Every structure is written in structure tokens, then in C-alpha cells.
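Those protein sequences? They're chains P and R, same order as listed.
Mapping of the first sequence onto this note's numbering: position 278 corresponds to residue 278, and the numbering continues sequentially without gaps.
With positions in the second sequence counted from 1, the corresponding number in this note's numbering is that position plus 1000.
Since the hints were derived computationally from the structure, they do not count as laboratory data.
Among the hints, erroneous ones may be present.
Only pairs whose alpha carbons sit at most 30 Å apart, straight line, appear in this in silico DSS-like list of lysine-lysine [as the list claims (entries may be wrong)]:
#1 P:K103 x R:K1226
#2 R:K1213 x R:K1264
#3 P:K17 x R:K1226
#4 P:K73 x P:K103
#5 P:K73 x R:K1264
#6 R:K1264 x P:K126
#7 P:K127 x R:K1226
#8 R:K1264 x P:K103
#9 R:K1181 x R:K1226
#10 R:K1301 x R:K1181
#11 R:K1301 x P:K103
#12 R:K1182 x P:K127
#13 R:K1213 x P:K73
#14 P:K17 x R:K1181
#15 R:K1301 x R:K1182
#16 P:K127 x P:K103
#17 P:K126 x R:K1213
#18 R:K1264 x P:K17
#19 P:K126 x P:K103
#20 P:K73 x R:K1181
#21 R:K1213 x R:K1226
Calculated Cβ distances over 12 Å to all of chain R for the following chain P residues [said to hold, decoys possible]:
#22 N39
#23 L104
#24 H114
#25 L172
With the C-beta cut set under 8 Å, the calculated list includes, among others, these residues of chain R facing chain P [said to hold, decoys possible]:
#26 G1031
#27 R1102
#28 H1142
#29 N1145
#30 L1146
Computed from a predicted model, the values in this text were never measured in an experiment.
The C-beta atom is built at its ideal place from N, Cα and C for all residues, glycine as well.
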Amino acid sequence: MIPALETEALGKRYGSKWALQDCSFSLQPGSIAALLGPNGAGKSTLLELAVGLRRPSAGSIRVFGHEPLHDSKQVLPLIGFVGQERPLYRGFSIADMITFGRKLNEHWDDEFAHERIAWLDLDPRKKVGDLSGGQQAQVALVLAFAKRAQLLLLDEPIAAFDPLARREFLQLLTETVADREVTVLLSSHILGDLERVCDSLILLTAASTRLSGSIDEVLATHRLLVGPREEQDLATTAHAVISRSESERQVSLLVRKECPIVLGDRWTVTEPSLEEIVIAYMERPKRPRPVMEKEAVLA
Amino acid sequence: MTWLIARQYRTELIFTLPLMAGLLALFFFTGRSITGAFQEQGLSTCLGAASPEPTCMRAAEDVLNQYGWLTTTMPFINFVPALIGVIAAAPLVLEFDQRTYRLAWTQGIGRTRWFVTKLAASLVLAGVSAAVLALVITRMYHPINLAESRWNESFNFAAPVFISYSLFATALVISVGVLAKKALAAFVASFIAFFVVRIALENFARPHFLAPKVLLSQGFDLANRKSWILSQRPVDANGHTIDRLQCFRTDPLPCPLPADLLTKTVFHPDSRFWLFQGIESGIFLGATVLMLGVSTWWLSKRVA
């Protein structure tokens, strides 16, 4: 099967700084993938590369086998994209925005767009510029969904939503994926929400992919090991250590399992939560944090 | 795309169309009343002669004196191509200012068709409105040009250059807008740049499109009245300029005029009018094509 989205050694450089480097993964059709990573890890850049808003500096990216920039005629109708800044025509009414979508897209679901705007209790005559941030995000998402795209690329789609709207949107997302053969890649900071709906994840740190695959697989291959400090070599030679924290006698290691874990009685082996794993990958090597001076705080 | 273009120009045109209609009506009815006055006195026929009767010239002058406001008002029409440029280019530039181009470029239509269609719409709007305005102004100047030179006033409003100025202004606003991605900055910078180029060309390049002709004559030559006169000064028989001021400054008493006082006229004959129109509009259209080429290349290269 042709992957919905596939990258190989993909890189993007702005000036001399790499925003994304050595990024390789493949996303199977029908999956809902979470794009995770700290600020500045290149999440937005990756999504923009996929929709052809940017040109790769290195490597390749393919959407259903097509190069986004080169084969934009084939790729653009397949993608529903909502960028982080969610630009909309501020002077247009919501109804105008829907007409915009209908006029500029071939496979447009006008009925869905109008029904969803009505369901969200939004007045179609209202100007986009007068809507709240959350409402603008809803309109931007309606435009992306009504395109009947096969790949939805959503950059922080729920950041502007309250918890209720967040839950409703994620429900819509799962329903859409179940009803039609749609692949979703969405970036977010809110891991808890993503864990409920996503089946795979792509983790970017320091501009490169650190982890990608199905969530079940990720959970199955990581373990939290706690044991005596003096025996830690036993664990570190057999498994890849993702993060480590030490106390006077004990050491706790989050490792990727390379082989069955065989350790002595003095070790406890537990399954970490997805959040623990993701944070372990995102953590940078520890450096002392700058501390505010006491006087400054009092003043 | 047609819908999007119409929707984006809608607000602008609600405000600018009445203004445009007002200008057109003003020039149309002024032209009609001048033509009417000329016909009433049979001036059109007598002005058509190679060297018209002085009485005919004076009568025409009397009629035109009633329209003295034209001489003071018409220079302001030189602002119109720049305004046309800003109005025609605004919807495209605002897409970059408000970053909605990123929304448009991810729709099914694709960025090339989007850009080409929007560009064509701005150019057609600018070209058509400039053409209509230029034709109405030229019609108004038609009787005036029978009596006076058509260079000083009507050259800048003749269709070829007027259209080329408007297209140039449109391309300038679009190019600066695409490069700077800031609408207000693009409008202000283009407005200034437009007038720098426009004034420089009119004053320093236009007189030299061809080598001007020189004529030595006794007295003022009426047959020359339709030419574009660059300079006219008294000279002696040898063609040297007579500097009366210098003479008075050194010794005011013995400053007699030479007996054989001649007038030296440096001018472009009327027959060069359309050639000069062609050269000047060619320069502006060339610059237009160049700027649009650069901004299209910039958009395709510097992707988003």
C-alpha cells in the first residue's frame, strides 16, 4: 500500500539553521498520528513541507507517492491543511468563506460545511474578523474537512478550544476517519487528548525524528527500570537508554527494549505511560536552570 | 476564482466607482461644452487652416479662457494612475499582508492559477479604467488642441502613456507587496517610487527621445504653435544668445538690441506626438513586464 505520507532524510534549512533534519517516517493510510515535539522542533515546518508551502532543503517527502510541490495538481486536492496561524479572510462572512472553499476546490462538501456551521451555533452572516479565536479555528477546520481530503494535516488544531470543544472535535475526527478512508496527522502539545484518538505518533526533537510508529508498539517497546546504581551497566548495555535519573542508591532508567529484559530481583520493571515516554524523549541533557535572584523576586 | 476576485474588489469598487464616474462625467461634459462653443462660432473650421486668422485664434482663446480651471486642475490627474495602481493591486497585496495566500495556496486550485488569475484581474481593471479615462480626456482636449499645443497638457493623458502608467503603478505595488508582504508599506513606497520615475522620465528623458529640431525665425512663428517647444530665446544673427541681463549689469546705458534680432526655437514637431507616446509607453510597459517577471520568479523560488 502506498503510504499516505512518507519522508526520507527530509530536511529544511532557514538560512544556516536547520528547522528539520534527517526526518524519516511513513504514515499508513487510515491512521491518526500525533505529531509531537517541543517548541521549535520543526512540527509546523514538516506540515508545511507536506502541503507544498515550503520546499525541502534535503531528502524527500511524498504524499500518496507524489511530490507536494512538483505534483501540486495531484496533491493539493488530497490534503486538508490547517496551519498554525489559521489565516482567513477577515472581511468575509462565514458564508463567504464556505463559498470560497466551494469555488476553489473540486470535491467540495457544501452540505457538511453549512450543517456544521449551523450545528456550532455560528451565524453564517457574521464576519470572520469578529469571531473569537476558537470560532475562527472551527471555521478553518470546517474548510479543511469539507474539502473531502484524504490526508488531514492539522497544526495545533485544538489549541484555541475549550475542553468541551476539544472533546467534540476529537470525536468528529475519529468519526471522520471511521466513515471515510482518511489519514490524519495532527500536532499538539496536549498529549492526553491525543492519546485517546491517535494510533501512532511521530516525535521530533532538536529538528530530527526521534521516534515514530504505532502507539501500541511504542508502549510495548519501552520499559521503566528501577534498580541499584551499581548494577546499572547490566541494563544500559542491553537496552537503549532514553532517560536516566539517579538518586543516592537507586537509578531509574527509561529504556527501549532491544531484547527480552533479564535483570535480577533487585530491579523493578514497569510499563511507562505514553506521556512518560514522550517526555523522556523530549528532555534535553540536563543543564542547571537559571534561577531568579531572591531580591529581584521580592522587589 | 472569478467569485473570489469579484468578492475582493467589491468593497473597493463601491467607494471608487462613484469617484471614477464623477471624473468621467466632468471631462465628458466639459469637452462637450467646449466643442459646442467652438462650433457655434465656426472656430473648428478656421482653426483647421495651416495658419489660422488672428481673429479666429483670439476667439478660440476667449472661449478657452472660460475653462481656465482646467490648467490648474489637470495636473492633479497625474495622480490617478498611481491611485488606479493601488486600487487594482490591493486585493492581491492584502493576501500577502494578511497571510491569506497560505490558505489560498493549500486549496485545490493551486498557487499558479491563483496568482495568474489575480494578476490578470488587477491588470485588466487598471488597464480598462485608465483607457476609459484617457479616451474621455483626449476627447475633451480635441478642440483645445486645435488652438494650442497638445504636448504641454494632453501628452500625459493620451491613452498609450496613461494606460502604461497605470499598469506600471499596478505592477509596482504588486512587486513591492510580494517582496515586503506589507500592504501599507507597499502602497506608500510604490506611490513615492512611481512619482520619482514618472517625473524623472518626463523631465530628463522625454525631451531627448529624439534630437530636438532648432529653428531660427524672425518674430514668433504661428505655424509652430502645435509643436512641443523646449526653449525659445532671442539670438543675434550668429545664433548667439543675447544676454540682456548681463549687459544691464555691467553698464545699463549702451544696451541696444541688435538690429537683426532672431528667435531661436528648440522644439519637437507635432508629428512626433504618437512616436513619443510609443517610446514612453514602451519604457513603462517594459518595466511592468520586468517587475512582474521578477515577482513571479520570487514567488516560485522563495516558496512561502
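Right, here's what the structure says about each hint:
Pair hint K103 (chain P) plus K1226 (chain R) does not hold up; C-alpha atoms about 55 Å apart against a cutoff of 30 Å. Note on K1213 (chain R) and K1264 (chain R): the hinted pairing holds, with a Cα-Cα distance of about 10 Å set against a maximum of 30 Å. A hinted pair counts as satisfied when its Cα atoms are at most 30 Å apart, and K17 (chain P) with K1226 (chain R) does not qualify at roughly 66 Å. Of the pairs offered as hints, the one joining K73 (chain P) and K103 (chain P) holds, with about 16 Å between alpha carbons and a cut-off of 30 Å not exceeded.
For the proposed pair K73 (chain P) and K1264 (chain R), the alpha carbon gap of about 68 Å is over 30 Å, so the pair is violated. With a C-alpha separation of about 71 Å, the suggested pair K1264 (chain R) and K126 (chain P) falls outside the 30 Å cut-off, and the hint is violated. In summary, the hint linking K127 (chain P) to K1226 (chain R) is not supported, as the alpha carbons are separated by about 58 Å, beyond the 30 Å threshold. About 66 Å separates the Cα atoms of K1264 (chain R) and K103 (chain P), which puts this hinted pair outside 30 Å; it is violated.
Taken as a hint, the K1181 (chain R) and K1226 (chain R) pair is broken in the structure, with Cα atoms around 47 Å apart against an allowance of 30 Å. With a CA separation close to 15 Å, the supplied pair K1301 (chain R) and K1181 (chain R) stays within the 30 Å bound. Among the hinted pairs, K1301 (chain R) with K103 (chain P) is consistent with the structure: their alpha-carbon atoms are about 27 Å apart, no more than 30 Å. At roughly 23 Å between alpha-carbon atoms, K1182 (chain R) and K127 (chain P) fall within 30 Å of each other, so this suggested pair holds.
The hinted pair formed by K1213 (chain R) and K73 (chain P) fails the criterion: a straight-line CA distance of about 59 Å is larger than 30 Å. In summary, the hint linking K17 (chain P) to K1181 (chain R) is supported, as the alpha carbons are separated by about 23 Å, within the 30 Å threshold. In summary, the hint linking K1301 (chain R) to K1182 (chain R) is supported, as the alpha carbons are separated by about 19 Å, within the 30 Å threshold. For the suggested pair K127 (chain P) and K103 (chain P), the alpha carbons sit about 19 Å apart, so the restraint of at most 30 Å is met.
For the given pair, K126 (chain P) sits about 66 Å from K1213 (chain R) by alpha-carbon distance, which is inconsistent with the 30 Å threshold. Straight-line distance between C-alpha atoms of K1264 (chain R) and K17 (chain P) comes to about 69 Å, which puts the hinted pair past the 30 Å bound. Distance check on the hinted pair: K126 (chain P) and K103 (chain P) sit about 20 Å apart at the alpha-carbon level, within 30 Å; holds. The straight-line distance between the Cα atoms of K73 (chain P) and K1181 (chain R) is roughly 26 Å, inside the 30 Å bound, and the hint therefore holds.
This hinted pair checks out: K1213 (chain R) and K1226 (chain R) have alpha carbons roughly 14 Å apart, not beyond 30 Å. Every beta carbon of chain R lies more than 12 Å from that of N39 (chain P), the smallest distance being close to 20 Å; the non-interface claim holds. Interface exclusion of L104 (chain P) from chain R breaks down, the closest Cβ pair being 4 Å apart, not more than 12 Å. At the 12 Å boundary, the C-beta of H114 (chain P) stays outside the reach of chain R, the nearest C-beta of that chain being 17 Å off.
Here L172 (chain P) stays apart from chain R, with its beta-carbon at least about 20 Å from theirs, past the 12 Å limit. Hint on G1031 (chain R) is violated. Least Cβ distance to chain P is approximately 38 Å, over the 8 Å limit. For R1102 (chain R), the suggested interface contact is upheld, since its CB lies about 5 Å from the closest CB of chain P, less than 8 Å. A distance limit of 8 Å between C-beta atoms decides the matter here; for H1142 (chain R) the minimum to chain P is near 43 Å, and the interface restraint is violated.
With a cut of 8 Å, the hint placing N1145 (chain R) at the interface with chain P is violated, because the nearest CB-to-CB distance is about 45 Å. About 49 Å separates the beta-carbon of L1146 (chain R) from the nearest beta-carbon of chain P, more than 8 Å, and the hint is not met.
Against the hints set out earlier in the document, violations occur for numbers 1, 3, 5, 6, 7, 8, 9, 13, 17, 18, 23, 26, 28, 29, 30.
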